[in-house]
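Q: All chains, full assembly: derive it from the sequences and hints.
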Amino acid sequence: MYQYDQYDQKAVDERVAEFRKQTQRFLAGELTEEEFRHLRLRNGLYIQTHAPMLRVAIPYGTLSSRQLRMLAQIAREYDKGYGHISTRQNIQYNWPALERVPDILENLASVQMHAIQTSGNCIRNTTTDHLAGVAVDEIEDPRPYCEIVRQWSTFHPEFNWLPRKFKIAFSGAENDRAAVKFHDIGIYIVRNSDGETGFKILVGGGLGRMPIIGVTIREFLEKRHLLSYLEAILRVYNLEGRRDNIHRARIKVLVKSLGIETFRDKVEKEWKRIKDSSLKIDQKEIDRVTAFFSSPEYDRDAVNDTSFIEILNRDPDFKRWIQHNTVIHKVPGYRAAYISLKAPGVPPGDITDIQMETVADLADRFSYGEIRTTHDQNLLLPDIKQADLYALWQQLKVHGLATANIGTLNDMICCPGLDFCSLANASSISIAKQINERFDDLDYLYDLGPIKIKMSGCMNACGHHHVGHIGILGVDKKGTEFYQFTLGGSSENDATLGDRLGPAVAKDDVADTIEHILNVYLDERLNAEETFLETYRRIGIETFRERAYA
Amino acid sequence: MKVLKNKQIIEIEWKVSDQPDAEGRIIFPYKTFLANQKTLLARTDPTGVILDGGASLDDIANALDNLELIALEFHKFTDGRCFTLARLLREAYGFQGDILATGDILTDQIAHMQRCGINLLRLRNEHEINMALGALTSQTVFYQPAADDQQTIRQLRYDLDTR
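From first to last, the protein sequence lines stand for chains W and D. Numbering-wise (our numbering), the first sequence opens with residue 1 and increments by one. Numbering-wise (our numbering), the second sequence opens with residue 1001 and increments by one.
Hints are not guaranteed to be accurate.
Stated by the list, open to error - Calculated pairs, SDA-like style, for lysine to any residue (alpha carbon to alpha carbon, straight line, at most 25 Å): (1) W:K223 x D:Q1151; (2) D:K1015 x D:T1039; (3) W:K10 x D:T1137; (4) D:K1002 x D:E1023; (5) W:K21 x D:A1111; (6) W:K272 x D:Q1150; (7) W:K275 x D:S1056; (8) D:K1076 x W:T32; (9) W:K266 x W:K284; (10) W:K10 x D:D1148; (11) W:K10 x D:Q1155; (12) W:K21 x D:Q1008; (13) W:K10 x D:Q1150; (14) D:K1076 x W:H225; (15) W:K272 x D:A1061; (16) W:K507 x W:Q484; (17) D:K1015 x D:P1029; (18) W:K284 x D:L1156; (19) W:K477 x W:E492; (20) W:K275 x D:A1092; (21) W:K272 x D:L1057; (22) W:K269 x W:R224; (23) W:K319 x W:D440; (24) W:K275 x D:Q1150; (25) W:K21 x D:T1078; (26) W:K269 x D:S1056; (27) W:K10 x D:Q1139; (28) W:K284 x D:D1149; (29) W:K275 x D:E1023.
Note that these hints are calculated values from the structure, not bench results. As the structure is a computational prediction, the values presented were derived from the model and not from experiment.
A: What follows is the structure in structure tokens.
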């Protein structure tokens, strides 16, 4: 994992001190609401329905056990004993008191964490594949480049007051697990015909009110030019992005209105001017940062263990968990284990202080002290020896963290919705509960296979409904909550925006509607291997539309 | 007008006027400047121009050698375009004169403004002028190269390595 040096630490400590002063000035009436709003947003602090909400960055989703223990302590001391894992590798606290936020930030800084630029119109936390460094389909580990971008984007003096928020994601693997195509800048590590790795750069993707799949601005960028290229894109956007209408201010609107060719010409022209400036990253810097992400000393004997297969054949519950909640690892004898934060009755992505501490302990015991957060709002222990999986599973079970539902219908992405968010039009958490209660038979869920439900409580689409296999959008109709369905979306390599099913349904009818949709799938699929998404793509929306409202 | 320069509050003699025949150190609004470019560029007194975030630097590129000051006017503190304009003036156009930030500016922003090449800051009021000095020291380490001569963290690390 990356470790701060004295400079990183100083940068974060100074920011805490600065925000403490800003908070004092606000409380003393020296800053207006509007002025303080923009300053606090750049430190992750929103004012929500009930209380402030603090969004803490988990850079590229990587946490040490020590950091997770601090997140638990903050949940206990400053919040109501839990946190919420977001889709973009942040953790959100829903109940901190405004005047105590500087203290929270100071606690975070003591474990090399921060809430810098987790909101506001600036460059947000860079996200990536939660399997980075352990995935079997990895071309190259993206984390060193995420860290290089983290440093470049933190307190960028020119890009702190952009037209709108700006999100960057990386994927270094064949399979995109980071929704790269739905970011303002999406970056794939690719190999060119000479066998050299570099970056394919996409621009202008995003969800929200105007969902758009990012388009390629450059097929191959040599690594040393990463920062100058990003800077050129940001500079064109900062000058030319619209500022007159908040709903037209994202870079996707600029790219669309100029056309990718014109936008690319502008970027490349600026890039040529700066590409040989001190933004250039030399191999020494790449090596320095990469060294932080070297693999742990894996046990070469791990693969020779026989107990794993034995227990697997003996204990069907364990086998189910292995099949659904763990994935293959690049080192034979190891697996990566998901920790489902989608247990029945729990808001998706929520985790208590005790659970955090449990996970931290288990990470120390079994996974070299490292934890990841995933785009699907779960946690992951990246490096578990197969011989340890049974002990891990038993411990997870005790703490309600072993629900074997990863990748199933119940592994929903869900925004906080009306329960917490001041933007929401409808509640999300209660819908997740309704779905969870209706579809509680795991065997039925396994038979359905991989289905991604993604749900947002308003058109800002924090729950990524456009790219759910089944997307659900909460809308308000004259004071009543209704839910609109889309089908066939995907945020992966085959990125697709879902098609609208038809009229929105009443709150109580959501689970029924899903059941109708699932019945169409079960009736129409060619065989048990054909996934929901494949069936949908083959037969189209009409059949679903005809029967969904029955 | 009172401005902050090099961590000091100083009085500068510049005045704003839209009269092309005004004498002395005059900063002209962009409109006045465009309409009277020939006259104004022939002035013997020091000349400045006010640009806002929407300005096209290419349009005044030819005049830069004759300008001693460019004022960048922030209509709203949330509009960050002038940060980019300042950097481009310094780094792409090689502008050596003064760059003054004026308008709706928070003291919390001035450290970044300086990094972008703005060397004169006109704060909104007396109170903020006094606060500004403190705001300039809130950040002392920098990840990015910019239009100033601050060493970046990457350079500092290398210096440590090679010491």
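Q: If a hint holds in the structure, say so; if it doesn't, say that too.
A: Hint check:
1. W:K223 x D:Q1151: holds (23 Å)
2. D:K1015 x D:T1039: holds (18 Å)
3. W:K10 x D:T1137: Between K10 of chain W and T1137 of chain D the Cα gap is close to 13 Å, so the pair holds against 25 Å.
4. D:K1002 x D:E1023: holds (20 Å)
5. W:K21 x D:A1111: Given that 25 Å is the threshold and the Cα spacing comes to 15 Å, the pair holds.
6. W:K272 x D:Q1150: holds (23 Å)
7. W:K275 x D:S1056: holds (23 Å)
8. D:K1076 x W:T32: The given pair, whose Cα atoms are some 14 Å apart, holds under the 25 Å limit.
9. W:K266 x W:K284: violated (30 Å)
10. W:K10 x D:D1148: Status holds; Cα separation ~20 Å.
11. W:K10 x D:Q1155: holds (16 Å)
12. W:K21 x D:Q1008: Judged against 25 Å, a Cα distance of about 22 Å means the pair holds.
13. W:K10 x D:Q1150: holds (16 Å)
14. D:K1076 x W:H225: violated (33 Å)
15. W:K272 x D:A1061: holds (19 Å)
16. W:K507 x W:Q484: OK: K507 of chain W and Q484 of chain W at ~10 Å, within 25 Å.
17. D:K1015 x D:P1029: holds (11 Å)
18. W:K284 x D:L1156: The hint holds at about 14 Å.
19. W:K477 x W:E492: violated (32 Å)
20. W:K275 x D:A1092: holds (13 Å)
21. W:K272 x D:L1057: holds (18 Å)
22. W:K269 x W:R224: Holds, at about 18 Å.
23. W:K319 x W:D440: holds (19 Å)
24. W:K275 x D:Q1150: Judged against 25 Å, a Cα distance of about 19 Å means the pair holds.
25. W:K21 x D:T1078: Distance of about 20 Å is within 25 Å: holds.
26. W:K269 x D:S1056: holds (16 Å)
27. W:K10 x D:Q1139: holds (9 Å)
28. W:K284 x D:D1149: Status holds; Cα separation ~22 Å.
29. W:K275 x D:E1023: Distance ~43 Å between K275 of chain W and E1023 of chain D Cα, so the pair is violated.
The structure does not agree with the numbered hints 9, 14, 19 and 29 stated previously, though it agrees with the rest.
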